[in-house]
Amino acid sequence: MSNFFNFIKDNKEKTFFIFILFWLLVIAQIETYSQLTTSGTFAATMRLAIPILLAGLGGIFSERSGVVNIGLEGMMIMGTWFGAWAAWLYGPWWGVAAGIFGGLIFGLIHAIATVSFQVDHIVSGVAINILAAGTARFFSVVAYANESQGGATQSPRISGEISSFSLPFLSGGTFLGNETIDLLRNLEDLNLFFISDISGLLGGLTRDISYLSFIALSLVPICMWVLWSTPFGLQLRSVGEFPVGSESLGINVYLMKYIGVTLSGAFSGLAGAYLVIESSGIYRENQTGGRGFIALASVIFGNWRPTGVLMGSGLFGYADALQLRSEESVHGLLLLISIVLLALSIYLLFNKKSRNGAISLLMAFGFGIWFLNSTSVPNEFVYFTPHITTLVVLSFASQRLRMPKSVGQPYKKGEGG
Amino acid sequence: MNTAINIENISKSFPGVLANDSVSFDITSGTIHAIVGENGAGKSTLMKILYGMQKPDNGILKINGDIAKFQSPKDAISAGIGMVHQHFMLADNLTVWENIVLGIDSSNLSKIKKSKYIPDITDLSKKYSLPIDVNLTIDDLGVGEKQRVEILKVLYRGANILILDEPTAVLVPQEVEELFENLKNLVSQGVTILFISHKLDEVMEIADRISVMRGGQHVGTVSKEKASKKILAEMMIGKDLPTPPSRETLISSENCLQLKDLNGVPSLGKIPFEDINLEIKKGEICGIAGVEGNGQRELSEAILGLYPVESGQIFLEDIEITKLSTRERRLTGISFIPEDRQSQGLVVESNLIENIILGKQSSNTYSSKFKNVLFKNASKNSKDVVDNYEVKTPNVQTLALALSGGNQQKFVVGREIDGKPTFLLASQPTRGVDIGAQALIWDKLKEARDMGLGVLLISADLDELLGLSDKLYVIYEGKLVKQLEPTEATPEQLGSYMTGLGI
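Sequence order for the protein chains is A and B. One point on numbering: in this note's numbering, the residue at position 401 of the first sequence is 401, and numbering is uninterrupted. One point on numbering: in this note's numbering, the residue at position 173 of the second sequence is 173, and numbering is uninterrupted.
Just so you know, the hints here were simulated from the structure itself, not pulled from any lab data. Just so you know, not all the hints are guaranteed correct.
Here are some chain B residues pointing at chain A (derived, C-beta under 7 angstroms) [as the list claims (entries may be wrong)]:
| # | residue |
| --- | --- |
| 1 | 73 |
| 2 | 91 |
| 3 | 92 |
| 4 | 95 |
| 5 | 98 |
| 6 | 107 |
| 7 | 111 |
| 8 | 113 |
| 9 | 137 |
| 10 | 141 |
| 11 | 317 |
| 12 | 321 |
| 13 | 324 |
All of these numbers come straight from a predicted model, not from anything done at the bench. Glycine included, each C-beta is placed from N, C-alpha and C at the ideal position.
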């Protein structure tokens with residue numbers, strides 16, 4: 001028993017996480033909230049998380065090289081426009097390539113402004129966002145206005161889609177040309193506590209995966225490898241930490257920053273293209289809906305690490321999937337919040353942090369009463385559940401952030417010494 | 001003996017300044033060659049030229065007999081020159097080995113050869129007896145260790161000529177000794193060392209030959225046997241070396257500042273300063289010695305009302321000021337010379353007239369009944385400070401950033417001592433200024449003290465502390481661990497208390 005308590009003491013964050021997960025599973029047993037852990041929800045989670053994940057990975061490259069990139073949103077917009085345009089004309093894979101190109105160009109603009117001309121990073125980023133929105137509108141008028149289904153704010157539906165695969169045996173993929181059983185689906189249908197829920201999660205992540213999603217997910221380990229195991233990554237990170245020192249060692253600081261920022265544009269462009277090709281099949285104005293900013297937030301709260309971004313984007317995707325698929329299950333989240341806050345308040349009160357504990361307790365009761373006296377959450381709240389969940393959880397989860405030391409500071413060649 | 005470096009008629013000018021004026025001298029390989037001079041004498045420029053960071057306007061540089069034309073530090077590194085900068089060129093969030101190998105590989109996507117690098121670095125650190133744990137992050141290292149990493153870094157690049165730019169500025173005496181041991185060891189293994197400093201004691205101790213620079217010119221090179229502190233000082237400034245002012249003061253019995261059981265609010269899980277009890281009389285300078293980061297900064301901010309106090313009291317002339325705001329404390333007569341003149345002492349983008357008002361903007365001197373700024377007084381007072389404190393500036397409309405560091409500091413000191421404060425908090429008042437300015441600031445502090453000003457002097461310069469203080473405390477990890485008699489204490493003693501050894 002004392003071992004158990006010691007484990008809790010040493011792994012506070014893990015314990016907290018397991019605690020939340022446990023209650024999520026419990027709540028998911030209630031019929032109304034069963035959508036919380038179905039494979040459908042998790043499949044949607046993945047689709048919704050990947051654009052943020054990609055833009056976030058881009059953000060890491062930029063920030064690690066020392067350039068704040070608030071223009072992720074704008075670069076994503078270019079990705080959506082170019083992605084849709086090329087996919088409409090030539091097919092989805094061309095859309096992917098064009099989306100990357102569109103984002104890359106805007107990344108390059110940001111790099112020229114911030115690195116070569118030392119424009120304030122925030123100013124340039126905001127300008128990128130405004131410029132991208134305007135450019136997309138202009139291009140749409142030129143390219144789509146006379147097309148059927150097209151217009152100044154949207155493109156015609158794109159043709160074709162990227163093929164997908166399922167894992168054999170586990171989730172019903174083909175093996176040597178034969179259909180196999182869908183083990184995870186069968187388990188999920190059994191409605192067993194925990195086992196079915198986990199099967200739902202794994203099934204959602206392994207059934208009907210498009211090749212583009214697969215590529216996107218595999219970029220996480222690739223980025224980690226590039227940033228932490230190669231000379232290029234080491235140099236890129238050193239530039240964001242201490243450009244003067246890096247230059248004194250003969251590293252081309254400008255080049256590194258250019259690569260970092262341009263790559264972040266390319267990643268955001270890919271994110272935009274994914275949004276068009278995998279989610280909507282059409283370009284629509286304001287389609288990105290602030291996902292670039294959420295990506296930037298997940299970069300910061302993810303402590304400038306790919307795994308952190310993966311977590312942040314996953315969380316957003318999950319909440320987004322819930323609000324899209326079933327409003328009732330968002331209502332279930334109220335109960336979860338209430339339980340978590342209650343636990344938190346007990347923890348705080350035991351640690352003699354009476355004021356914070358009391359606030360948590362009050363809020364726990366507040367959410368509890370809200371839960372009991374309603375059957376659904378107002379639409380307005382449902383809609384921004386993903387944003388609020390992501391920000392709240394991430395800011396609780398990571399108290400000790402360590403940002404690249406010189407991020408946001410303009411650097412002029414020859415400042416060394 | 002071979003010549004490692006020939007410097008022949010090197011000149012370099014910047015807009016308005018001739019930083020190097022036909023400098024010529026030789027450096028023998030396998031020796032320690034010191035270059036001394038006041039700030040602004042052109043030492044740094046010469047070193048930057050040697051290291052390829054700047055190109056000379058004319059003149060020839062020969063490395064081991066071959067003419068060298070460096071386009072960038074990279075060329076200098078491949079010619080075997082390595083530089084240990086005064087401010088460490090280390091990325092804090094990277095590990096020791098990452099910092100050492102940074103930039104060696106061209107930037108590609110192959111795997112870093114960690115399994116080759118780490119043993120190589122360990123061997124090197126054994127060979128030159130520079131022990132270090134290569135897997136630690138720079139954040140976790142002390143100052144002396146960081147310097148060791150810097151030295152290893154340049155050695156790893158195959159440097160056999162090391163340039164050390166003011167290497168002792170950041171070290172306590174024990175660390176300095178250790179460094180000197182290391183340097184002698186390096187020289188015995190054939191490394192040539194260029195040692196830049198303005199501390200003549202150290203130069204006399206370590207160098208084989210000494211070159212003196214003044215006003216961009218090479219004044220002369222003397223061998224250690226023929227040199228003495230006096231000769232070098234005269235070469236450096238053209239007059240005798242200033243000594244810390246003597247102490248013949250009348251300490252009054254009236255209280256100036258009192259701290260009672262002062263505790264700071266913990267930040268990042270650490271209590272910055274703890275149970276501080278101090279009593280400073282009028283006409284007394286109380287010195288606090290300590291390695292940076294032991295709570296001095298927080299303590300001085302607490303006295304000013306910038307850092308929150310958990311418990312304890314602060315009295316100024318027996319009136320409690322613990323609860324007053326910073327502005328109110330300033331108005332009761334607390335003056336402050338901050339440790340960083342560029343960020344805290346001056347608004348460098350403003351001219352001297354505006355800068356003289358800083359900190360006294362709500363006093364009667366600069367603020368009228370209708371709360372508009374009295375620029376007339378400001379203009380007059382800034383002229384007075386410029387005259388009285390020998391601030392070299394074309395006029396008082398000049399922007400503060402156009403002044404050299406020493407002149408900026410003289411201006412700040414003048415502003416704070418002027419206007420009859422009751423108490424002066426001086427934090428590192430002569431850090432990074434040349435000896436001329438240092439002597440003047442010491443004189444002025446002493447003068448103000450003799451007029452009855454109470455001064456709290458927080459400094460890392462042990463000569464300054466020993467020379468000026470009437471009583472002296474050592475701060476270590478937020479506590480005043482020792483009171484010493486300034487007339488009897490030695491720098492070595494101070495150093496051992498400062499590093500927590502002698503307690």
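Verification of the supplied hints:
With 7 angstroms as the threshold, the beta carbon of residue 73 of chain B comes within range of chain A, its nearest partner Cβ sitting at about 5 angstroms, so the hint holds. For the restraint placing residue 91 of chain B at the interface with chain A, the shortest Cβ-Cβ distance is roughly 4 angstroms, inside the 7 angstroms limit, so the hint holds. Taking 7 angstroms as the C-beta cut-off, the interface hint given for residue 92 of chain B holds, the closest approach to chain A being about 6 angstroms. With a cut of 7 angstroms, the hint placing residue 95 of chain B at the interface with chain A is violated, because the nearest CB-to-CB distance is about 10 angstroms.
For residue 98 of chain B, the shortest C-beta to C-beta distance to chain A is roughly 6 angstroms, which falls under 7 angstroms, so the interface hint holds. Look at residue 107 of chain B: its Cβ gets to within about 4 angstroms of chain A, closer than 7 angstroms, so that hint holds up. A cut of 7 angstroms between beta carbons decides the hint on residue 111 of chain B: the least distance to chain A is about 6 angstroms, and the hint holds. The interface hint given for residue 113 of chain B is broken, as the beta carbon of that residue sits about 9 angstroms from the closest beta carbon of chain A, more than 7 angstroms.
Here the hint on residue 137 of chain B is broken, as its CB sits about 10 angstroms from the closest CB of chain A, past 7 angstroms. A hinted interface residue such as residue 141 of chain B counts as satisfied when its beta carbon comes closer than 7 angstroms to some beta carbon of chain A; here the least separation is about 14 angstroms, so the hint is violated. Checking residue 317 of chain B against chain A by beta carbon gives a least distance of about 37 angstroms; that is not within 7 angstroms, so the hint is violated. A least Cβ separation of about 29 angstroms between residue 321 of chain B and chain A goes past the 7 angstroms threshold, and the interface hint is therefore violated.
Hint on residue 324 of chain B is violated. Least Cβ distance to chain A is approximately 26 angstroms, over the 7 angstroms limit.
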